[in-house]
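Since the structure of chain E is provided, determine the placement of chain D with the ligands on it from the hints.
Listed below are the residues making up each chain.
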Amino acid sequence: MSSIAQKKGFGATLWDYLTTVDHKKIAVMYLIAGGLFFVIGGIEAMLIRIQLAKPDNDFVSAGLFNEIITMHGTTMIFLAAMPILFGFMNAVMPLQIGARDVAFPFLNSLGFWLFLFGGIFLNLSWFMGGAPDAGWTSYASLSLASPGHGIDFYAIGLQIAGAGTYIGGINFLVTIINMRAPGMTYMRMPLMTWTTFVASALILFAFPPLTIGLFFLILDRMFGGNFFDHTMGGNTIIWEHLFWIFGHPEVYILILPAFGIFSEIFAIFARKRLFGYSSMVFATVLIGFLGFMVWAHHMFTVGLGPTANAIFAVATMAIAVPTGMKIFNWLLTIWGGSIKVTVPMLYALAFIPSFVAGGVTGVMQGAAPLDYQLHDSYFIVAHFHYVIVGGVVLAILAALHLYWPLMFNQMLSEKLGKWTFWFFFIGFHMTFFIQHFLGLMGMPRRVFTFGADQGWDLFNLISSVGAFFMAAGVIILVVNIIITAVKNVPVGNDPWEDGRTLEWAIPQPVPFYNFKQTPLVRGLDTFWIEKQEGNKEGMTYAEPLSDIHMPNNSFIPFMMTVGLFIAGFGALYNGEKEWAVPVLVLGLAITVASMAVRSVKDDHGFHIHKEDLMNEKGGK
Amino acid sequence: MDLNKKYTPQTWPDHPEQVTMEGKNKFLGFWLFLGGETVLFASLFATYLALKNKGPSGMEFSTQTLFELPLVFIMTMILLTSSLTSVYAMYHMKNHNFKGMQLWLGITVVLGLAFLALEIYEFNHYVHLGFNYSQSAFSSAFFTLVGTHGIHVVVGLVWIILLIVRNAKRGFSLYNAPKYYTASLYWHFIDVVWVFIFTVVYLMGVVG
Ligand code: HEM
Ligand SMILES: [Cu+2]
Chain E
1 MSSIAQKKGF GATLWDYLTT VDHKKIAVMY LIAGGLFFVI GGIEAMLIRI QLAKPDNDFV
61 SAGLFNEIIT MHGTTMIFLA AMPILFGFMN AVMPLQIGAR DVAFPFLNSL GFWLFLFGGI
121 FLNLSWFMGG APDAGWTSYA SLSLASPGHG IDFYAIGLQI AGAGTYIGGI NFLVTIINMR
181 APGMTYMRMP LMTWTTFVAS ALILFAFPPL TIGLFFLILD RMFGGNFFDH TMGGNTIIWE
241 HLFWIFGHPE VYILILPAFG IFSEIFAIFA RKRLFGYSSM VFATVLIGFL GFMVWAHHMF
301 TVGLGPTANA IFAVATMAIA VPTGMKIFNW LLTIWGGSIK VTVPMLYALA FIPSFVAGGV
361 TGVMQGAAPL DYQLHDSYFI VAHFHYVIVG GVVLAILAAL HLYWPLMFNQ MLSEKLGKWT
421 FWFFFIGFHM TFFIQHFLGL MGMPRRVFTF GADQGWDLFN LISSVGAFFM AAGVIILVVN
481 IIITAVKNVP VGNDPWEDGR TLEWAIPQPV PFYNFKQTPL VRGLDTFWIE KQEGNKEGMT
541 YAEPLSDIHM PNNSFIPFMM TVGLFIAGFG ALYNGEKEWA VPVLVLGLAI TVASMAVRSV
601 KDDHGFHIHK EDLMNEKGGK
Chain D
1 MDLNKKYTPQ TWPDHPEQVT MEGKNKFLGF WLFLGGETVL FASLFATYLA LKNKGPSGME
61 FSTQTLFELP LVFIMTMILL TSSLTSVYAM YHMKNHNFKG MQLWLGITVV LGLAFLALEI
121 YEFNHYVHLG FNYSQSAFSS AFFTLVGTHG IHVVVGLVWI ILLIVRNAKR GFSLYNAPKY
181 YTASLYWHFI DVVWVFIFTV VYLMGVVG
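Protein chains in written order, with full-length UniProt numbering: chain E, 1 to 620; chain D, 1 to 208.
Only chain E is shown next, with the shape it has when bound in the complex (with noise of 0.2 Å):
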């Protein structure tokens, strides 16, 4: 099959893709697509830094500038950080677990597809009048006075995007409950898989309340809602509100899978067990429950009083400590081991400084008389970056250099990887860290210059170098990709040779069913146990070979979303295009109807025979 494919033409391949509902093809183009709109966010991140390097610049106007950050922030959380999350999610966790696939690959591919066509609606919006201006945050007394079609863009594009990360949510934790191979309990699961659970169940429970905030402002802004006109009725708290109980728990949906990567970096790269497993989980699920605690520490300087200012501040400090937890049980990982410092350790080391002091920076901002200071200046900046930047972005370099092989079967190369490794390391600090004083001293976020005589423009320029040190790192990354690609020297199994979970023990490539028969889990890192007991295939089985049952491939998931995705233009032009109507329509029938196929006709899958596994063993 494998041998096969590799024949195939190039429409065989595009169809191939477009239909395919393999975790680990769902997981490229998760991979590939977040990676765009990564590059895409980092050039408008550069726009905002060269604007910003000397006072009194017209290098963007003002309100282009607005664009720009909001584009910027909104493109790089829902569209860059957490796909390509969900790539890695993809393509290791059920592996991870010993499993066939996910839970339903079905939706596994329709999720995807969403995601990719709500981004793409979103960024239409550059070309299609003007991008949406009124922040990540779209605060409803800001976005429902943005002329044009900017916001309209934001909300339905995010509606779009949302629904596919709601969907991606439901399917993992499905996965996990229900497809663990044998011998696999809830305690021996690796830290990735279960930062992958926590965060599901926080996606579970977060992104609803943003679908209802989206409605409102769609409801408002397109269809003669109220929620938010307060001459009307409307208030706009409420959108505040909405948004960040959707927020706080979606900044740990990043930052919990980055906690599960660098978990399984530490464990491999010190060659030990991680330290403290068992407090690890706790302060996993910990998190992901204070998370949804804490949402109005955003918002104290709103106005809720005294009392519920108190009691957010008190429950936002608490999140401090099962975090501080993690950090002490990957010092103690680390401890006493026999380290290598690969590109992946270099990252993983890293980000324990770099993080420590996002998360102090977060403790500060959490007493609520001093955020009464900070809010809305530099200092806010400098402390989201240095969590986001410092924990995720680095989390993410870090897996795509330890993934890759299990991903692609080649080794990206470590030299250039230490190159693009400094170059970043070194650009994000002197970007990041001078904001902390520039917020000190009075720069307020979110503007687009300042005067010469305002004492701000040495600390700006310095900001603005260490964002070409980054641009630099991440285009050495790129040069680094293509090399490597082009070379396609395959590494065969095992590739970091420490592996220590199951993801590592399967046969490079990795056959487009999985395991050929369901391993036996005998342990925390089942894989390791088995090397050091010299077992040379590295896994015990739980089953004799047999038939395995495949699902088909199906074009309707992106059928699906291709009629949500004209509906959207139908809802964004009601009351102004006469065609308004009809597309909407038209696009919301292309969707239902796809559904309808799918739930009438009947769709078995496939079985792949005994014989034709033997073959490919006898073949290989």
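FYI, nobody ran anything at the bench for these hints, they're computed from the structure.
Accuracy of the hints is not assured; some may be wrong.
[Stated by the list, open to error] Below are the DSS-like pairs computed for lysine-lysine, each with C-alpha atoms no more than 27 Å apart in a straight line:
1. D:Lys6 / E:Lys610
2. D:Lys169 / E:Lys601
3. E:Lys601 / D:Lys94
4. D:Lys24 / E:Lys516
[Claimed, not checked] Facing chain E, from chain D, some residues (calculated, C-beta under 7 Å):
5. Trp31
6. Lys54
7. Val109
8. Phe172
[What the hints assert, rightly or not] Here chain D is said to cover these stretches of chain E; the calculated rule only asks that three of the stretch's residues, wherever they fall, bring their Cβ under 8 Å from a Cβ of chain D:
9. 159 to 173
10. 202 to 211
11. 229 to 235
12. 596 to 605
Being a predicted model, the structure only gives us computed values, none of them experimental.
Glycine included, each C-beta is placed from N, C-alpha and C at the ideal position.
What follows is chain D with the ligands alone, placed relative to chain E:
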């Protein structure tokens, strides 16, 4: 496992919806989905409570002047009964009585349609009074909350009708049992949400 295998009442498993891996996944996934739906409605309820009776200054509409309990009470009874009839349908599925199940699902659909008709009548009535979607924050919140529930009813009806028609000639299989089961779960969920709407919107609106 052959999904099209024919069963007799004797060989038919106790929980036909959870025998296959697909069935188990669907069962759990659907429960989780309903968990998310609960948060969705919770957000709508919270917004409704915040915007209840709020409008442009001097607005003459309020929950007291607008709602009439008798009609809503009938709607509630109809929907509660439809939940019961869908329980009967699932009972017949357990006992491998296909005709019985289809019949009770059919009755469920009829009741659901009746509910929907009354809801449309009710909305239409309000709009004629001048209480339309854009009239106030209150009207937007009310129509969005109750209307979202109404859309769920429509989806549930379409889903159940599709199942009834599609499987009419085929009888039970382990392939369609989970589909029937999740559809009935959905219908119960819709019913539970309505109980909250009846209490929070109508009862507390008129009495409280
Ligand atoms: C110890 C943990 C943390 C604490 C105590 C904390 C606390 C806070 C507080 C109080 C604010 C609001 C500041 C203001 O606007 O006045 C804030 C903003 C923010 N935090 Fe954190 N945080 C923590 C971890 C994280 C993590 C892990 C992430 C992301 C991965 C994150 C991302 C953000 C973002 C994006 C904002 C800014 C939102 C905006 O207004 O645009 N935080 N944080
Ligand atoms: Cu927060």
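Hints and how they fare:
1. D:Lys6 / E:Lys610: Given pair D:Lys6, E:Lys610 holds - Cα atoms ~26 Å apart, limit 27 Å.
2. D:Lys169 / E:Lys601: Since the Cα atoms of D:Lys169 and E:Lys601 sit roughly 14 Å apart, the hinted pair holds (cutoff 27 Å).
3. E:Lys601 / D:Lys94: Measuring from Cα to Cα gives roughly 24 Å; hence the hint holds.
4. D:Lys24 / E:Lys516: holds, 22 Å
5. Trp31: violated, 9 Å
6. Lys54: Status holds, d = 3 Å.
7. Val109: Where the cut-off is 7 Å and the nearest Cβ of chain E is about 16 Å from D:Val109, the hint is violated.
8. Phe172: violated, 14 Å
9. 159 to 173: holds (count 4)
10. 202 to 211: holds (count 6)
11. 229 to 235: holds (count 6)
12. 596 to 605: Answer holds; 5 residues pass the 8 Å Cβ test.
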